Amino acid sequence: MSVKFTIDDLKRILREGAGTDEAVDLDGDIAESDFEELGYESLALLETGGRIEREYGISLDEDALADARTPAALVDLVNSHLAAQAV
Amino acid sequence: MSVVVTGLGVAAPTGLGVDAYWANTLAGAGALDRISRFDPSSYPARLAGEIRDFVAEEHLPGRLLPQTDRMTRLALVAADWAFADARLVPSELADYDIGVITASHSGGFEFGQNELRALWSKGGQYVSAYQSFAWFYAVNSGQISIRNGLRGPSSVVVSDQAGGLDAVAQARRQIRNGTSVVLAGAVDASICPWGWVAQLTSGRLSEHDDPRRAYLPFDEDAAGHVPGEGGALLVLEDQQHATARGAHVYGEIAGHASTMDPPPGSDRAPTLQKAIQRALADAGAVADEIGVVFADAAAVPELDRAEAEAVTKVFGPRGVPVTAPKTGTGRLYSGAAPLDLAAALLSLRDGVIPPTVNTRPSERYELDLVTGAPRRADLKAALVIARGHGGFNSAVVVRAPEPT
Numbered sequence: 001m002s003v004k005f006t007i008d009d010l011k012r013i014l015r016e017g018a019g020t021d022e023a024v025d026l027d028g029d030i031a032e033s034d035f036e037e038l039g040y041e042s043l044a045l046l047e048t049g050g051r052i053e054r055e056y057g058i059s060l061d062e063d064a065l066a067d068a069r070t071p072a073a074l075v076d077l078v079n080s081h082l083a084a085q086a087v
Numbered sequence: 001m002s003v004v005v006t007g008l009g010v011a012a013p014t015g016l017g018v019d020a021y022w023a024n025t026l027a028g029a030g031a032l033d034r035i036s037r038f039d040p041s042s043y044p045a046r047l048a049g050e051i052r053d054f055v056a057e058e059h060l061p062g063r064l065l066p067q068t069d070r071m072t073r074l075a076l077v078a079a080d081w082a083f084a085d086a087r088l089v090p091s092e093l094a095d096y097d098i099g100v101i102t103a104s105h106s107g108g109f110e111f112g113q114n115e116l117r118a119l120w121s122k123g124g125q126y127v128s129a130y131q132s133f134a135w136f137y138a139v140n141s142g143q144i145s146i147r148n149g150l151r152g153p154s155s156v157v158v159s160d161q162a163g164g165l166d167a168v169a170q171a172r173r174q175i176r177n178g179t180s181v182v183l184a185g186a187v188d189a190s191i192c193p194w195g196w197v198a199q200l201t202s203g204r205l206s207e208h209d210d211p212r213r214a215y216l217p218f219d220e221d222a223a224g225h226v227p228g229e230g231g232a233l234l235v236l237e238d239q240q241h242a243t244a245r246g247a248h249v250y251g252e253i254a255g256h257a258s259t260m261d262p263p264p265g266s267d268r269a270p271t272l273q274k275a276i277q278r279a280l281a282d283a284g285a286v287a288d289e290i291g292v293v294f295a296d297a298a299a300v301p302e303l304d305r306a307e308a309e310a311v312t313k314v315f316g317p318r319g320v321p322v323t324a325p326k327t328g329t330g331r332l333y334s335g336a337a338p339l340d341l342a343a344a345l346l347s348l349r350d351g352v353i354p355p356t357v358n359t360r361p362s363e364r365y366e367l368d369l370v371t372g373a374p375r376r377a378d379l380k381a382a383l384v385i386a387r388g389h390g391g392f393n394s395a396v397v398v399r400a401p402e403p404t
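The listed protein sequences correspond, in order, to chains D and Y. For the first sequence, position 13 matches number 13 in my numbering, and the numbering has no gaps at all. For the second sequence, position 309 matches number 309 in my numbering, and the numbering has no gaps at all.
Keep in mind that the hints were calculated from the coordinates and are not lab data. Please read these numbers as outputs of a predicted model, since none were measured by experiment. Do not rely on the hints blindly, as some may be mistaken.
Derived, one-sided and incomplete: chain Y residues facing chain D with beta-carbon distance under 10 Å [unchecked claim]: (1) PRO66; (2) LEU93; (3) TYR130.
Cross-link-like lysine to aspartate or glutamate pairs, in silico, EDC-like; alpha carbons within 16 Å at most [said to hold, decoys possible]: (4) Y:LYS122 with D:GLU55; (5) Y:LYS274 with Y:GLU309; (6) D:LYS11 with D:GLU37; (7) D:LYS11 with D:ASP76; (8) Y:LYS313 with Y:GLU366; (9) Y:LYS122 with D:ASP76.
Glycine residues also receive a C-beta, built at the ideal position from the N, C-alpha and C atoms.
Next comes chain Y alone, as it looks inside the complex (with noise of 0.2 Å):
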């Protein structure tokens, strides 16, 4: 059973919905500056990609505001914009026949923060009563589901960035168990200082200041990641289901695999490259067939050698071509791989492929980085890489539909 993507709701700090992500992304915008959601000047890292043009109140009703982080915002209007997408109506869907499973790296930190400063600061009666659910990692799922009726299998995962397409992994499995229908991506936000105090620990944030120095995949000067807030959400949905009500299909969610890394210091290797041949393998794909790869894109230099050698082992030196449009908003966490799905499933619409910014390849790495303008292409298929933190790889290949 194929299960295909119908419906895309992109919130991104270089654009809010499909059409200004995609036109901006093509153009190589970069959405990292200082920090304005807060004061960073105390902090090693001062840079995110921050979402600036979202106005919830213009999206929300009133009483979901008081009741939601930052994030769960975002990722309510980001599901509705996907079933508009989808021109899907959740509540013209049999009772149960439609889920949500996203991907979560920390939840609620904004409005957790605030919470806990009533608590130190006034006392345990200032604490609203919707700090029981709103920080928590599976918020947006329930958030969803309520606002739509989504009463189908949901959960959530948490795997740091390779979340993103383990989630909507999670959901192609439930629509081969029998649901016809299942949201699933990821939308992260937690640009505020208990949440930037958290990032810190990683040791991976870049400490420049310059927005078009500071985040590198693959470059000489590779220092750190800087992060970012959003994400997106995609409608699946089981293909005879899409086909029989005449929906538009971006693509086929066509393989997926995820492997964990051995511990630090162990002697054996790497397993990035295993995700990779196996999410091939499940796709019923051989690498000939792969138009272009979506990087995870770390630039913590034995990160990106680590990727780079994955990708050479199973596509050869330089290849093919390989992007990072992340490098325009920062690393999303959960929300990064849903996002670069969508990105390359309107890569395999259009046939281009979108820039990585910024980054000088070095050459090291042997990779074919499209840099600098989008590069057309003839693609039949895309692989989205995405690793979180702990030693996660997850990897997944979109196929195009089959031209009618």
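Looking at chain D on its own, in the form it has when it is part of the complex (with noise of 0.2 Å):
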């Protein structure tokens, strides 16, 4: 059984490394919602993704991590690394 990574996980994240624009509720439904349009540019995903490789132990590949464009696709990003990992 792989560890999962959850949308709670990269909120957790998002806030601890780059902060919340006020604007935005994070806790409101942004699994879609385009990284820009959260406030976050790409310096505070390359933090995100600094964050997440030092505590789940991968290492992400720059330019996926620079498509993951929404919440949900940088969870399923992480996601398949993790899976990829446990095998």
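Two chains, two frames, a set of hints: combine them into the complex.
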């Protein structure tokens, strides 16, 4: 049974590493929102990716990370790494 | 073309905001105290002028907090206050018509220290992505520019304490080149262990533990300075632009000059006097017009002597009132001179010179140092002096607005 990365894990890491935009409710339905709409620029996502990597012991491909434009896509990306690691 | 000041944003150990700072400065308040931001007991210098009532979360959005050093947080808030004071909304100006030029002494040391600690204790994966810019000298200009949409000429000046005036001078040049408004000045804050050991290398920090006897420029007992944190940002504006929008004008940035001292051991004379004379010439002013001099006030005997000689050669022995309200805040590095400019403009407005605190003036310097209490004076213009470590000298003349 592999570890699962959830959108709540992502929200926690976003809050810790990059903070939150006052105009955005992270607890709302944000799974399919573009990170830019949520107030996160590329550096915030780099910081977020780094925090996920060190917490979950995985290594995210930079291009794949840049291509994950929504929280749902990033959660999927992380879970695919976790699954591969568990095999 | 005249360049005028229409807004002030102040973050000082003696007060957050212009009104608090000015009231406390006139009252001769002192903020020097034992360092509280880290345990200073193992360091040779243990006093600082700290800003103790600033809560960044009350002023800044959550997205900015993980990516900003303390000096940047203070600068962003001072910028907000300066624009509010000027009744100017940057987004209402044409694109590229408003810029920001700050000075910096050391960058974001506290942020950098935390990331270096993470690097060496846990590894590179633990270093914040924001370290890429949060420590950097130019970061205050960058963050202020982003937050306020200032896309006009923007830059950073690094010449230690003199930089605070050089940034204002550069802003004046850009306005003369056609930009309507430039926010200019500096906020420095590096009262953290890394910042502290860097400052100690100057050999100019006071090692006294009594806040009333630690920073005594122009006093027989002068033995170095006490560092502080903070500074000021000023809204500089083309006078016609200011007039057209009916802005309140504090005064004009009338003249500036900067010079470089010869290297140590040279037989050539120091050049501060030349900076003062050229700033006066740039302002089209004669010495008699200057009603008050805000001194650099190094509190190192040979530097006090050099400054006193420069002032007395231009103005005559005891020829002009001199003051150093930074005795209450500590030396704020790049932030010091913009704060002195703010004080000078408020002196012109109110016809009063704030006192130098704690110092008992030595007769040898032949300065008319304002001490003990504020002094009433009919002021038309003021001179602000700033010197940076390594031979930087700068001087700025500010002139009261024409009576309307």
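- Starting from LYS11 of chain D, check that the Cα of ASP76 of chain D is at most 16 Å away, please. OK: LYS11 of chain D and ASP76 of chain D at ~14 Å, within 16 Å.
- Holds or violated: LYS11 of chain D to GLU37 of chain D, with C-alpha atoms at most 16 Å apart: 15 Å, holds
- Task: Verify the proposed pairing of LYS122 of chain Y with ASP76 of chain D, using a straight-line Cα cut of 16 Å.
- Result: 28 Å, violated
- Query: Is the shortest C-beta separation between PRO66 of chain Y and chain D less than 10 Å?
  - Reply: 5 Å, holds
- Can the restraint linking LYS122 of chain Y and GLU55 of chain D be considered satisfied, given a maximum Cα separation of 16 Å? 12 Å, holds
- Message: Take the shortest C-beta to C-beta distance between LEU93 of chain Y and chain D; is it under 10 Å?
- Response: Where the cut-off is 10 Å and the nearest Cβ of chain D is about 23 Å from LEU93 of chain Y, the hint is violated.
- Message: For a C-alpha distance cap of 16 Å, please report whether LYS313 of chain Y and GLU366 of chain Y respect it.
- Response: The given pair, whose Cα atoms are some 11 Å apart, holds under the 16 Å limit.
- Message: Against the 16 Å threshold, does the CA-CA distance of LYS274 of chain Y and GLU309 of chain Y hold or violate the hint?
- Response: 12 Å, holds
- Closest C-beta approach of TYR130 of chain Y to chain D relative to 10 Å, hint status: Since chain D brings a Cβ to about 7 Å from TYR130 of chain Y, closer than 10 Å, the hint holds.
Hint check: violations occur at hints 2, 9; the rest are consistent with the structure.
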